Amino acid sequence: MKRKILIIEDDFTIQTQLKTLLSGNGYEVFAVTDFSQTIEQLKEIAPHLVILDIKLPGNNGFEICSQIRTFSDIPIVFVTSSNTDMDELNSIMLGGDAFITKPYNPAILLAKIAALLKKAHPFPQTETFMWKEAVLHLESSMIEYKGQKAELTKNELKILYYLFKNAGKICSRNDIVDFLWDNQLYVDDNALSVNINRIRDKLAAIGLVDFIKTKHRQGYTL
Amino acid sequence: MSGKQYLKDQLPVILINLLGMLALALFLIASDSPVQTVLFILAVWSIVLVLSLLTFYFSRKKYLNKLLDMTEQLEERYLLPEIMQAPERADEQVFYRIMKMAEKSMLERIGEVQRERREYKEYIEQWIHEVKTPITAMKLLCENNRSPFSREVLAELENINQYTEQALYYARSEHAEKDYSVREVNLSDVVHSAIADNKYLLRQSKMTIKIDDIESRVYTDEKWVRFILNQIIGNAIKYHAEQPVLHFGATKTNDRVVLSVSDNGIGIPKSDLPRIFEKGFTGQNGRTGKNSTGIGLYLCKRLCDKLGMGLSAYSENRGTTISLIFQMNDFIIGVQG
Numbered sequence: 005m006k007r008k009i010l011i012i013e014d015d016f017t018i019q020t021q022l023k024t025l026l027s028g029n030g031y032e033v034f035a036v037t038d039f040s041q042t043i044e045q046l047k048e049i050a051p052h053l054v055i056l057d058i059k060l061p062g063n064n065g066f067e068i069c070s071q072i073r074t075f076s077d078i079p080i081v082f083v084t085s086s087n088t089d090m091d092e093l094n095s096i097m098l099g100g101d102a103f104i105t106k107p108y109n110p111a112i113l114l115a116k117i118a119a120l121l122k123k124a125h126p127f128p129q130t131e132t133f134m135w136k137e138a139v140l141h142l143e144s145s146m147i148e149y150k151g152q153k154a155e156l157t158k159n160e161l162k163i164l165y166y167l168f169k170n171a172g173k174i175c176s177r178n179d180i181v182d183f184l185w186d187n188q189l190y191v192d193d194n195a196l197s198v199n200i201n202r203i204r205d206k207l208a209a210i211g212l213v214d215f216i217k218t219k220h221r222q223g224y225t226l
Numbered sequence: 030m031s032g033k034q035y036l037k038d039q040l041p042v043i044l045i046n047l048l049g050m051l052a053l054a055l056f057l058i059a060s061d062s063p064v065q066t067v068l069f070i071l072a073v074w075s076i077v078l079v080l081s082l083l084t085f086y087f088s089r090k091k092y093l094n095k096l097l098d099m100t101e102q103l104e105e106r107y108l109l110p111e112i113m114q115a116p117e118r119a120d121e122q123v124f125y126r127i128m129k130m131a132e133k134s135m136l137e138r139i140g141e142v143q144r145e146r147r148e149y150k151e152y153i154e155q156w157i158h159e160v161k162t163p164i165t166a167m168k169l170l171c172e173n174n175r176s177p178f179s180r181e182v183l184a185e186l187e188n189i190n191q192y193t194e195q196a197l198y199y200a201r202s203e204h205a206e207k208d209y210s211v212r213e214v215n216l217s218d219v220v221h222s223a224i225a226d227n228k229y230l231l232r233q234s235k236m237t238i239k240i241d242d243i244e245s246r247v248y249t250d251e252k253w254v255r256f257i258l259n260q261i262i263g264n265a266i267k268y269h270a271e272q273p274v275l276h277f278g279a280t281k282t283n284d285r286v287v288l289s290v291s292d293n294g295i296g297i298p299k300s301d302l303p304r305i306f307e308k309g310f311t312g313q314n315g316r317t318g319k320n321s322t323g324i325g326l327y328l329c330k331r332l333c334d335k336l337g338m339g340l341s342a343y344s345e346n347r348g349t350t351i352s353l354i355f356q357m358n359d360f361i362i363g364v365q366g
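Chains as they are written, first to last, in this note's numbering: chain L, 5 to 226; chain Z, 30 to 366.
No lab work stands behind these hints: they were computed from the structure.
Keep in mind that the hints are not guaranteed to be accurate.
Unchecked claim - Rough simulated footprint, nothing fancy, chain L against chain Z, three-plus residues with beta-carbon under 8 angstroms:
#: 1; segment: 179-193
#: 2; segment: 217-227
Said to hold, decoys possible - Pair by pair, the computed Cβ-Cβ distance ranges are:
#: 3; chain 1: Z; residue 1: Val211; chain 2: L; residue 2: Ser176; range: 41 to 49 angstroms
#: 4; chain 1: Z; residue 1: Gln313; chain 2: L; residue 2: Ala195; range: 50 to 58 angstroms
#: 5; chain 1: L; residue 1: Leu142; chain 2: Z; residue 2: Val274; range: 29 to 37 angstroms
Note that the structure is a prediction, hence the values are computed from the model and not measured.
All C-beta atoms, glycine included, are put in the ideal place defined by N, C-alpha and C.
Whole structure, please, built from the sequences with the hints as guidance.
Here it is as structure tokens:
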């Protein structure tokens with residue numbers, strides 16, 4: 005089941021781009037269009053999480069937040085361009101779950117959303133990925149192929165995770181490095197090559213030969 | 030009040046008295062009074078005159094010195110009429126009225142300037158908040174449409190964001206007391222978010238990042254420290270050399286945690302080092318066309334002072350190390366156990 009996210013944001017570009025970003029990451033995304041009907045729209049959509057701007061036409065984000073809190077305790081993420089202490093304090097006092105300032109890093113926003121959703125709905129998520137009989141275990145950071153297992157380092161696990169998530173697609177070296185940086189692994193281009201080679205050695209040892217293919221000048225693919 | 034000047038001021042009085050003495054003496058001599066009587070009267074007159082001049086001089090001197098002292102002790106000297114006693118002498122009352130009028134117009138002017146400044150500051154803050162909306166929109170647009178081109182734009186956007194933040198903190202640093210809250214902050218979280226703020230710039234400059242164990246809890250304001258780290262990282266990028274490396278490390282002693290950020294960039298000349306935290310100081314590196322404003326480090330120092338944090342710089346030939354010093358007092362250690 006896809007998680008539903010409601011965006012309450014009046015800037016049209018941000019609204020559409022957020023929609024693109026979030027739906028690209030596996031969420032079902034809605035946006036409030038009529039700000040005089042915000043609460044009604046919210047009740048109708050019944051989202052799992054709300055992204056709420058503070059400066060809005062009509063009722064501001066704080067007022068909407070306290071209105072939502074009268075009937076629901078869904079996670080509310082405040083996004084705002086003002087980063088004063090008062091606003092942050094207000095948002096927490098009124099029952100906001102997170103406070104992110106613009107311009108936010110999309111990776112950080114996605115991580116916050118994922119963490120809040122996990123906290124609100126703590127049922128087991130898929131912690132394994134499968135592709136062509138190879139299974140990636142995130143919890144134990146192992147890769148399994150026909151009963152044989154290989155242990156992975158943090159970097160290797162994240163690289164494989166990204167490749168598995170985008171299995172079938174071509175992942176450019178830059179995108180992989182970007183993803184690693186978003187996960188606080190500051191790997192440069194050379195180190196990426198070293199890591200890929202190590203992964204290939206480990207995969208070969210459990211019988212997965214030529215699992216990661218190099219696309220010349222484009223990147224890697226599974 | 031100098032005695033000489035006083036004497037000069039009293040010259041008409043003295044002259045009139047001398048004239049009076051002369052006239053009286055002439056009159057008495059003309060009416061056949063003995064010379065002794067005349068001399069005696071003149072002596073008494075002189076003594077009375079001198080005595081009255083002296084007492085008057087000293088009492089005035091005391092009064093005026095008191096006023097001077099009071100004025101010197103006042104921080105806002107134009108407020109003197111508010112605390113001084115209203116004078117009794119006719120001419121002083123006029124001066125007093127003049128002072129009151131001057132004070133009033135001064136207060137009005139100050140009020141006006143303060144209001145203008147506040148409005149300007151509010152406008153700047155509002156402008157910055159507004160400009161962040163299109164920055165966010167552009168950032169999302171670029172992230173959703175990845176290409177070598179969008180990467181370059183994202184790097185430039187990070188620059189723009191740094192500059193706007195700088196302006197915001199500059200506008201705020203005056204009244205910063207109102208805008209910080211000290212909380213428990215995980216040092217590594219702040220460092221990682223500061224790196225994330227500069228992700229594309231760091232990648233563009235091919236910076237290698239090394240992070241030691243910096244899992245320390247300190248008590249400070251997270252967004253301020255993040256701003257300070259952003260400035261330091263920004264400098265490391267701006268003044269980088271071949272194969273740049275940025276190294277974060279932390280040392281913990283009993284009463285403090287020191288976060289040090291080292292780069293292997295072009296470094297700071299020894300002669301410039303003592304002045305880098307001065308406002309508007311650009312130094313040798315600034316003059317060689319690196320587009321420096323002399324604001325970044327000045328702001329860092331200012332914010333650190335307000336937060337009770339230490340900030341120091343070290344540079345020898347090549348590379349610079351900036352250290353942020355977080356004090357840990359007995360109370361904090363007690364709470365942490």
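Here is what the structure says about each hint:
Figure legend: the segment 179-193 of chain Z, annotated as covered by chain L; annotation consistent (3 residues with Cβ-Cβ distances under 8 angstroms, at least 3 required). Chain L is given as covering the segment 217-227 of chain Z, and this holds because 5 residues of the stretch bring a CB closer than 8 angstroms to a CB of that chain, at least three being needed. The hint said 41 to 49 angstroms for the Cβ distance between Val211 of chain Z and Ser176 of chain L, and at roughly 43 angstroms that hint holds. The beta-carbon spacing between Gln313 of chain Z and Ala195 of chain L, approximately 34 angstroms, falls outside the hinted interval of 50 to 58 angstroms.
Checked against the hint of 29 to 37 angstroms, the pair Leu142 of chain L and Val274 of chain Z passes, with Cβ atoms roughly 31 angstroms apart.
Violated hints amount to a single one, hint 4; each of the other numbered hints is respected by the structure.
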